Amino acid sequence: MIPLPLAFGAPLLTARIRTTPEDFQVDELPAFEATGEGEHLLLHIRKRGANTVHVAKVLATWAGLPEMAVSYAGMKDRHAVTTQRFSVHLPKRVAPDLAELANDEIEVLEATWHNRKLQRGALAGNRFKLVLRDVQGDAAAISERLQQIAGRGLPNWFGEQRFGRDGGNVPAALAMFGGRRMRKDQRSLLLSAARSALFNRVLAARVEQGNWDQALDGEVWMLDGSRSVFGPEPYTDVLAERLARFDIHPSAPLWGEGELRSADTARELELAALDDEESKALRAGLEDARLKQERRALRLRPALLQHQWLADDVLELSFALPPGCYATAVLHELGPVEDASQA
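For the sequence shown, counting from 1, position 166 maps to 166 in the numbering used here; every step adds exactly one.
Just so you know, the hints here were simulated from the structure itself, not pulled from any lab data. A portion of the hints provided could be inaccurate.
Using 27 angstroms as the maximum straight-line C-alpha spacing, the simulated BS3-like pairs for lysine-lysine come out as follows [said to hold, decoys possible]:
1. K57 <-> K92
2. K184 <-> K280
3. K184 <-> K92
4. K92 <-> K292
5. K57 <-> K117
6. K92 <-> K129
7. K280 <-> K292
8. K292 <-> K117
9. K129 <-> K184
Per label pair, the in silico range of CB-to-CB distance [what the hints assert, rightly or not]:
10. V238 <-> E277: 24 to 32 angstroms
11. E208 <-> F230: 20 to 28 angstroms
12. A263 <-> P91: 37 to 45 angstroms
13. D217 <-> Q147: 30 to 38 angstroms
14. M182 <-> E37: 35 to 43 angstroms
15. E233 <-> L271: 44 to 52 angstroms
16. E259 <-> W309: 47 to 55 angstroms
17. A244 <-> M182: 42 to 50 angstroms
18. E268 <-> V238: 20 to 28 angstroms
As the structure is a computational prediction, the values presented were derived from the model and not from experiment. Backbone N, C-alpha and C define an ideal beta-carbon position, used for all residues, glycine too.
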């Protein structure tokens, strides 16, 4: 993995996170209300110290169904306390006793029926509450940087968890592109890691040049809160105003087959950032895998960003992020934060 530059200057702190699961809390924000009818049991679950796939397997066993009968909108961390929804397909609308699910890892908060299964990505976002411990740094400077982030946004990095332990998913993706056979679930994971690595390399180039949140000639714009893009087109006062109010964001490629949409300066930067031999191999592998060229916003603005000092060396952060965005991107702009769960 390449080192990720900082957008706001030198790091301001060192700290530790996840000394307990309660120090990393994530609440999934639903994209819709349950209909109250249908043959899909929608379970709102709080889990502690368990990842999403594990809980899905527990639900399948509980219902006496294959794992494919259980669906969820997004993956949540293991070393955390998280809430999210799962759907279980029960055509006869007969569910086993929910009390059988209760244990130290799983708590069912609500159960209701819905007329379709949960689709991947069917969430409005995630709300985070993070507690940093053993914080070393100037409190006033940290508060000022958080205010800068709230006002300006920050680079929309793919987080470290996308790349596996010690960043091993990218070398594994290169091995897969070179002919090594992988299971279907591994293949999907490695394709995502390869795409994410290329995106981060383009974003790193723009952060280093100071234009990650500014317009370049030939820019492709992404609408806030959607995957819709437009451009390139001449930069006007109207676009400048939309950029300033976070209605649109500059974007970078999620690599795949098809024409690179950007033009002029933006295109030149993207191709230059991905011109090394490893990037070329990743690009070719993604094209051979027939993934389609897409875009991702370069800029992220945390909603409702707040902080408070629980003690002289304990900082609590809370904010909400859109789907597919990483809380570690916020922490990155503050300084190196050690993940105690990986120690």
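| query | Are K292 and K117 close enough, with their CA atoms no more than 27 angstroms apart? | reply | Holds, at about 26 angstroms.
| message | Can you tell me whether the CB distance of A244 to M182 sits inside 42 to 50 angstroms? | response | Once the Cβ atoms are compared, 44 angstroms apart, the range 42 to 50 angstroms for M182 and A244 holds.
| request: For the pair supplied as a hint, K57 and K92, confirm whether the alpha-carbon distance does not exceed 27 angstroms. | output: It holds: about 20 angstroms lies between the C-alpha atoms, which stays within 27 angstroms.
| task | Take the C-alpha atoms of K92 and K292, compute the straight-line distance between them, and say whether it is at most 27 angstroms. | result | 39 angstroms, violated
| request: Can you let me know if the beta-carbon spacing of E259 and W309 is within 47 to 55 angstroms? | output: At roughly 50 angstroms between Cβ atoms, W309 and E259 fall inside 47 to 55 angstroms, so the hint holds.
| request: Using the beta carbons of D217 and Q147, state whether their distance is inside 30 to 38 angstroms or not. | output: Holds, since D217 and Q147 (Cβ atoms, about 31 angstroms apart) stay within the stated range.
| task | Quickly compare the C-alpha distance for K280 and K292 to 27 angstroms and report which way the hint goes. | result | 16 angstroms, holds
| task | Given the hint that K92 pairs with K129, test it: the Cα-Cα distance must not exceed 27 angstroms. | result | 39 angstroms, violated
| message | Does the beta carbon distance between M182 and E37 stay inside 35 to 43 angstroms, or does it fall outside? | response | 41 angstroms, holds
| query | Does the Cβ distance between E233 and L271 fall inside 44 to 52 angstroms? | reply | Violated, since E233 and L271 (Cβ atoms, about 20 angstroms apart) do not stay within the stated range.
| Hint check for V238 and E268 - Cβ pair distance inside 20 to 28 angstroms | 25 angstroms, holds
| Between K57 and K117, is the straight-line Cα distance small enough, at 27 angstroms or below? | Roughly 16 angstroms between the alpha carbons, so the hint for K57 and K117 holds.
Against the hints set out earlier in the document, violations occur for numbers 3, 4, 6, 9, 10, 12, 15.
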